[in-house]
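Chemist: Here's the letter readout for the chains.
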Amino acid sequence: MSHLDIELQQLKAETIKMWQLVNLQLTKGKESLLKLDKDLAREVILSERRVNAYELKLDRDCENIFALFNPVAVDLRFVLAVLKINNNLERTGDIVEGIAKFVLNVDSNFDTKLLEITRVVEMYAAANNMMECVLEAFDKEDTSLARKVFQQDELLDDINVKANSIIADYIRNHPDNIDATLYLLSIIRKLERVGDQAKNMAEEIIFYIEAKVLKHRSKVDKSKE
Amino acid sequence: MYKIESKNVDFFYGSSQALKNINIAIKPNTVTALIGPSGCGKSTYLRLFNRMNDLIDNTKISGQILIDGDDIYAKGVNVDSLRKKVGMVFQKPNPFPKTIFENVAYGLRVNGISDKKIIEERVETSIKQVVLWDEVKDKLKKSAFELSGGQQQRLCIARALAIQPSIILMDEPTSALDPISTSKVEELIYELKTKYTIVIVTHNMQQAGRVSDTTAFFYMGELIEYDNTKTIFTNPKIERTQNYITGRFG
Amino acid sequence: MDVIDENKLAKSKKRKQAIAFWIFRILSYSVVAILFIILSFIVIKGISVINWNFISQMPEEGMTKGGIYPAIIGTLCLVAGSMLFAFPIGVMAAIYMNEYVKAGLIKKIIKQMTNNLAGIPSIVFGLFGMSLFVNKLGFGDSILAGSLTLGLLALPVVIRTTEESLKAVEDTFRQASLGLGASKWETTRKVVLPIAFPNIITGLILSIGRVSGETAPILFTVAAYFLPKLPTSIFDQAMALPYHLYVISTSGTNIEESRPIAYGTALVLIIIVLIANLLANALRKYFGKKVKMN
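Residue numbers (my numbering), protein chains in the order written: chain A, 2 to 226; chain B, 1206 to 1455; chain C, 224 to 517.
Careful: at least some of the hints might be erroneous.
Claimed, not checked - Below, simulated BS3-like cross-link-like pairs (lysine-lysine); rule was C-alpha separation at most 30 angstroms, straight line:
id: 1; chain 1: A; residue 1: K18; chain 2: B; residue 2: K1398
id: 2; chain 1: C; residue 1: K512; chain 2: B; residue 2: K1321
id: 3; chain 1: B; residue 1: K1290; chain 2: C; residue 2: K413
To be verified - Have a look at the derived ranges for each label pair, beta carbon to beta carbon:
id: 4; chain 1: B; residue 1: K1232; chain 2: A; residue 2: E211; range: 41 to 49 angstroms
id: 5; chain 1: C; residue 1: K407; chain 2: B; residue 2: E1351; range: 27 to 35 angstroms
id: 6; chain 1: A; residue 1: L35; chain 2: B; residue 2: N1409; range: 57 to 65 angstroms
Stated by the list, open to error - Rough simulated footprint, nothing fancy, chain B against chain A, three-plus residues with beta-carbon under 8 angstroms:
id: 7; region: 59 to 70
id: 8; region: 197 to 210
Simulated from the structure, these hints should not be mistaken for lab results. Don't be surprised by glycine CBs; every beta carbon is placed ideally from N, CA and C.
Using the sequences and the hints, build the whole thing.
Modeler: In structure tokens form, the structure reads like this:
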């Protein structure tokens, strides 16, 4: 195996490690939300530093590979993709940290009925699943797995769009619990953005494996191609 | 402990000074690249490590070059045994006018090894080390000139390895090779690092990046910058280095 | 700026080039033509006398009849003798100069001397050979004295061609060998000489061509005017082709009658030189291959 191959393999392994960490953060965030576990939320916030450290390391690794090995073709696309995925992962980490902070700040429990009607739990699970799915696509270099994510994202969009009226209704009926309800709305907004990050990463994977640029295309196009 | 240390080295061809006060310390089992524009002194510097410049008339060196802590320019140093320790590979593949086998055996024979078994063993190991064995094992008795350029160069590396040096000097070892042969030699360098300390002169900046751990940039006989290759190629401290590696001068 | 007519420019360039090449072509063809004329002149005039008897018989009747056998044998002896002397000394001197002596005054002096030696007229070699080998050392007019004199003449040629052959061996071969801990002598013997050998052989054979045609150096040292028997030792006098040619063309008993024999002799001499040159090429190719296989 060539020297560059070894470097690229290490880069991939590091990226996967960071990805797993971010996915773990996401899962812990969900736990803390459902159980309103403030210790777990605190743990998530602390671990965010590790995600940041990973981001810096991957940035530096990519820079070194560019400078020392001048990768071309698929190697070049791979390193470019990792550079952007690295960015997406770090953002995702930030979003989860935000969710954990809401959990930390909220005074009372979320109304279970509210959780149910907003479908936030379902949404969270879907976002989590998307991230796992893209990670697997990255690991196995499987673009069909990556394409699945575009459909899954529709569910997230749907829940997000409907959440507005549901939350508005709920607040009208339960004006005593406005704070927690607004937090929940923010969480839904953030989960929608996790979906966007996952989608971007899927696009990067397809870019690096198939050399196709899927950005700014309609969803139907993306899953067809 | 450093493998090679160069302390305040000046070098003269006649009255013109080719190297000015060069200080470098090279760790064992690393690849050090010497880069710089033509005539910057990098090849001259490389040839100090096995006293190859002794062959040129009217040259003078001052300062110290230590290999394994011993000054190789001290009085009474046995140049032949120094050269056994420091192998060299040249710009153009230059196998001797002998068979493939005899090329690799040559160094052993001139160093007084005559036991047939030992010679055969060492020749085989050396050729295997350069990943050439499968290509030549059936034609060891054929002339080395029948090999392709890339194979010849690997044979020359095997020839250097046969006498078990601990340092290998390479003077632009791939400049006469095609890209595939070049990358084979580069992979080889990367692998040899585990057993040898390698110093390589190269005109090819990307090659320095790919194969070396540390890089020394020479300009007009001076050592401008010496650092980790990563640092040199991502964030050189001196502007002249940056200009050179980005191709803006020289 | 003027508008340049591309077509016109191209045409004028082509025309100039054509003129230049035509001049070169005519000149080089004329060299070949001259050579051809000389050769055919000699062949036409000489071929009629050449037969087996001509090259295997003694000269008879004041060299107007008979063959040139002793002259052929004499020339071959002289060539062999001179090479035996010049080749080892010349090659060793060249090795010493090219591989061992450092640049400096001594090297310059030796070099200048060899060059001067090459420039000395051959008649002077003859005189020198006579006074040293024939008189001082007492060899008398003999094959030995003649060979040594011819050898001296060939020496600078051998030295120079050997030196050029050694210089043509790239330095990295030496460095690679020395870099493996070989001595200078091992390097020279096992690496440099084998690579240079084909060219050295060529130089040697070219100098044979030169030596076999020389008249002046053998004039006072070996050549016999008329000696219808073969030499039996190196202290014997001998006939030689170039001198024989000179004699029968200028001072024979009957110049007119021996004219055909003169052309025949010239033809034999040319054939010997030609064979030497062909041999040089064949040997260079042979050793060139052998060096690589060895």
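Chemist: Checking against the hints above, which ones are violated?
Modeler: The structure conflicts with hint 8 only, although it agrees with all the remaining ones.
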